[in-house]
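Chains as they are written, first to last, in our numbering: chain A, 1 to 152; chain B, 1001 to 1503; chain C, 2001 to 2323.
What the hints contain is simulated information worked out from the structure, not anything from laboratory work.
A portion of the hints provided could be inaccurate.
What the hints assert, rightly or not - What the simulated footprint calls covered on chain A by chain B, stretch by stretch (three residues with Cβ under 8 Å from a Cβ of chain B suffice, anywhere in the stretch; the number is not a length): (1) 57-70; (2) 123-130.
To be verified - With a Cα cut of at most 25 Å, we get these calculated BS3-like pairs of lysine-lysine: (3) A:K72 / A:K116; (4) C:K2053 / C:K2286; (5) C:K2105 / C:K2141; (6) B:K1338 / C:K2141; (7) C:K2286 / B:K1338; (8) B:K1250 / B:K1286.
Quick reminder that beta carbons are idealized off the backbone N, C-alpha and C, glycines included.
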Amino acid sequence: MRLPDFWTGLAFAAFGLAIALIARGFPVPAGAASPRLFPTIIGAAMALMGAAIALRGLRNAADFTMPEWLGKPRRMALMAYLPLAIVVFALTAPTYGTIAVAVPIMIVHCMIYGLKPLPAVAMGLVAGTAIPLAFSELLGIPLPYGLIEGLL
Amino acid sequence: MDAFIAGLDLVFQTEVILTIVVSALFGLFVGMIPGLSATMAVALLVPVTFTMSPVAALATIITCSAMSIFAGDVPGAFLRIPGTPSSAAYTNDMNDLVKAGRVGDALGMSAVASVLGGIIGTIALILCAPLLADFALNFSSFEYFWLALLGLSCATLVAGDDALKGGISLMLGLFMAVVGLDFVTGIQRYTFGNMNLQGGIGFISVMIGAFAFAELMRRASVFTGQRLEVRLDVSGRPMPAAKTIWQQRKSITRGGVLGTLIGVLPGAGADIAAWVAYAVSKRFSKNPEQFGRGSVEGVAGASSANNAALSGSYVPTLVFGIPGDSITAIVVGVLILKGIQPGPLVFSQSADMVNALYIIFLISNLLLVPFAILAIYMGRFAISLRDEVLYPVIMLLCMFGAYAVSNNIFELWIVLATGLLVWVMNENDYPTAPLILGLVLGQVVEQNFMSSIIKADGNMMMFVNRPVAAALAIITLIVWFFPLIGVLRRRTARDPATDTPLS
Amino acid sequence: MMKKLMIAAAGIAVSAGTAIAEYPERPITMIVAWNAGGGTDAIARVVAAGLEKELGVTVNVVNKPGGGGVIGHSEMLTTRPDGYTIGFASAEIASYYWAGNAQFKATDFNPIGLVNFDPSAFHVAADSEWQDLPAALEAIKSQPAGTYKTSGMGAGAAYHLAFAGLLKANGVDPMLVTHVPSQGAAPGFQELASGGVQIIPSSLPEGLSMMQAERSRPIAVLAEERLAAFPDVPTATEATGVEFSGGTWRGVVGPQGLEAEVAEKLAAAVQAVATSEEFTTFMNDKGFGAAAYNPEEFEAFLASQHTSVGEIMNDLGLAQRQE
Chain A
1 MRLPDFWTGL AFAAFGLAIA LIARGFPVPA GAASPRLFPT IIGAAMALMG AAIALRGLRN
61 AADFTMPEWL GKPRRMALMA YLPLAIVVFA LTAPTYGTIA VAVPIMIVHC MIYGLKPLPA
121 VAMGLVAGTA IPLAFSELLG IPLPYGLIEG LL
Chain B
1001 MDAFIAGLDL VFQTEVILTI VVSALFGLFV GMIPGLSATM AVALLVPVTF TMSPVAALAT
1061 IITCSAMSIF AGDVPGAFLR IPGTPSSAAY TNDMNDLVKA GRVGDALGMS AVASVLGGII
1121 GTIALILCAP LLADFALNFS SFEYFWLALL GLSCATLVAG DDALKGGISL MLGLFMAVVG
1181 LDFVTGIQRY TFGNMNLQGG IGFISVMIGA FAFAELMRRA SVFTGQRLEV RLDVSGRPMP
1241 AAKTIWQQRK SITRGGVLGT LIGVLPGAGA DIAAWVAYAV SKRFSKNPEQ FGRGSVEGVA
1301 GASSANNAAL SGSYVPTLVF GIPGDSITAI VVGVLILKGI QPGPLVFSQS ADMVNALYII
1361 FLISNLLLVP FAILAIYMGR FAISLRDEVL YPVIMLLCMF GAYAVSNNIF ELWIVLATGL
1421 LVWVMNENDY PTAPLILGLV LGQVVEQNFM SSIIKADGNM MMFVNRPVAA ALAIITLIVW
1481 FFPLIGVLRR RTARDPATDT PLS
Chain C
2001 MMKKLMIAAA GIAVSAGTAI AEYPERPITM IVAWNAGGGT DAIARVVAAG LEKELGVTVN
2061 VVNKPGGGGV IGHSEMLTTR PDGYTIGFAS AEIASYYWAG NAQFKATDFN PIGLVNFDPS
2121 AFHVAADSEW QDLPAALEAI KSQPAGTYKT SGMGAGAAYH LAFAGLLKAN GVDPMLVTHV
2181 PSQGAAPGFQ ELASGGVQII PSSLPEGLSM MQAERSRPIA VLAEERLAAF PDVPTATEAT
2241 GVEFSGGTWR GVVGPQGLEA EVAEKLAAAV QAVATSEEFT TFMNDKGFGA AAYNPEEFEA
2301 FLASQHTSVG EIMNDLGLAQ RQE
């Protein structure tokens, strides 16, 4: 996702400005060192550097190059799947348990990568149960069990 | 000498030797999983140590931490995803070396340097613990402030080609460090009322997002579906040639000494040591242009430093009960639970214990070599797996690793947000390393600055009127402004007509 | 694994058979709002081991760190009140509300039993001119504000508040002493040794290493009576004649709405653990102060903590709420 420097610089300049402006709103208790100081410096520096990048890239502001992956369905599916998998995991794992969610996430991921359904299901079942079990039994991490709570 | 033999007696027991081997394997396993740090490996072992003898408990912690610090290099070398934060400084170098078929020069060198660095640190611990501890105790917030600022200047060395973009990345890391409850006043900053953000943005989750998730995104975007016959040439020897090791002697020694000194300072551990040693190696190198593109020198210096820092951090821990880093903070707790009060008396009251500790340090460092070869073969096996199996597994490991940071689903949202952000940034040539550096050092800089200001009642002269503080201040200012002068000089010397802007 | 399987199977069988089974019938989870390896975690694990013996089921300690302890503590309140998830709370729950970091108050917790009280102490550098507490208080009173500084903990931490309370009880304005925040006692003692601050109000065991290294010296302990391990350190009450004690504490809590029978059973078990020889030996050996408050005493203690912490935080300008 190659964007012209002008726009990324501008985005960071705006972000830095927002950091600095929000910092102005922090309460400053009497006598103590100000909690505004550092965020203001950081925000201002980011805004300045962002502006410098934007200025430097002003000439090429319109040079959008289409990313290579555009129009390549498998790549786009994979790239959409990665963030989606995290969202699904974060939203459903606490209720349904990590194994119940990890197995389908693994299966679908393998299949988008082009694995045939049978090996994909096998991989999903193996990795989707082995990894959660390793974390909960070997490392002692209290993972939510959810649906299969009764079995463990 | 009697105490030394008593120490040997304590160590060479079936229970202790067995725990050393088991915890070495455990450390190897945890360290290789992206995001799980050495500190976390040790924290996970604490409940287990409750039932052990004091020597076995210490052996567990020391071996596990030494092993996981090294193991963090393995996924870094093969997949460009560092396993622990202290490997992040030289991940690109390792990966480029492996891509060039030089596994031995990357991981083998890192293993050898880790062993040598660890031994340098241990010798320093044995010979001059009280002396070094006195040196560290003279550091107050003023000195730490300058030191952290000096550490931030490493950003210019890891920033890559575009200083401005590196600067933005650094600022972003510093910004992430200020999110949460303010250290001095306890007010909330940039939490927007979210309870999960009060404690700040978790460093490990950012690591997983910035390295692992962003890397998976990048690989997805270039996925071709073609099966490469050999993805990487990993047929080379797992260990570097003796000649190569000899060539790196300076780099390894420098890293070991630096790492020990940084480890001795309370609050600064292996992570910071690796960054500083990498930056210093670059500064002294004859081939600084190779750094970030497969420099054996960088790998040797930094991996020597992070293992040396582990040993160094035991100096203030043993002498004053002041932990040198997050791992020894846990060690202090375990020691006290075992009825051993760290402090000056520990050397006379528990001399056999202290000697046992030295011996364990030496053993666990020497054990690194066989375990490193094992890890290299495991890594080779993993890399020989097909994309469609390997990457989904890594993805799952990242999600579980992030959850394990604080047993909290919120960490996954941090992985997602930083992962996407860093991926877009990388696509546009904004480097990742300064962001991690900013996050590591941000709080150290701010907290020590604020503490200093409070102590000094606003008198800025206090920042430079202690000898060590003044010296550090001068070094910092030179390091900050020297490159600027250099750039200006080059600018004026160059013909403006052929001068192309940096991009 | 096998054990878990059997317990789970037994649990299913029992809950399927009778509606009201004898509590507890399956493993209990005890939340700790701090990381594994810290002081609270260590005590929690010993308490959990004791509870396992008393109740006959596994008691798992689960660390839920983050948010300065707010996340774990708030989960203790919002968990299902079935007695199978309880919490091991620390003194911080009295200050979250006043600092504006959480909506819950210390009095919102269901007190089951307090097991630990660590009194704050008054540490000075080894070469300090203060030999006793009255001399120190006199010096603080007579010098301009900010001359003397404390460190060793974050602003508003239990020991910091105890120290401010001590000053207030003795008629000294707590604002006269500036607090330099630090993460934990160790960096604070380092500041003391390097001359950056003059007073560390951490507990006595936390200062033991530095005392042994002859870098620091305690001149008083803010406890009701002298500690057995430190018989030479006078209490603040002895030294000044003004009664005052303060420090940090830890105890087992639950969410509101526990069934009376469950709450009683838990409270009895916690009492048994807190008074057991195993527990008190552990606490004495490790330098923690053992205590055993029953639910009524704990409840009264939480109520008094809530008001006194609110007052002192307002005096120090650390509070985001008045009331």
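Worksheet entry | Hint check, failures only | 5, 6
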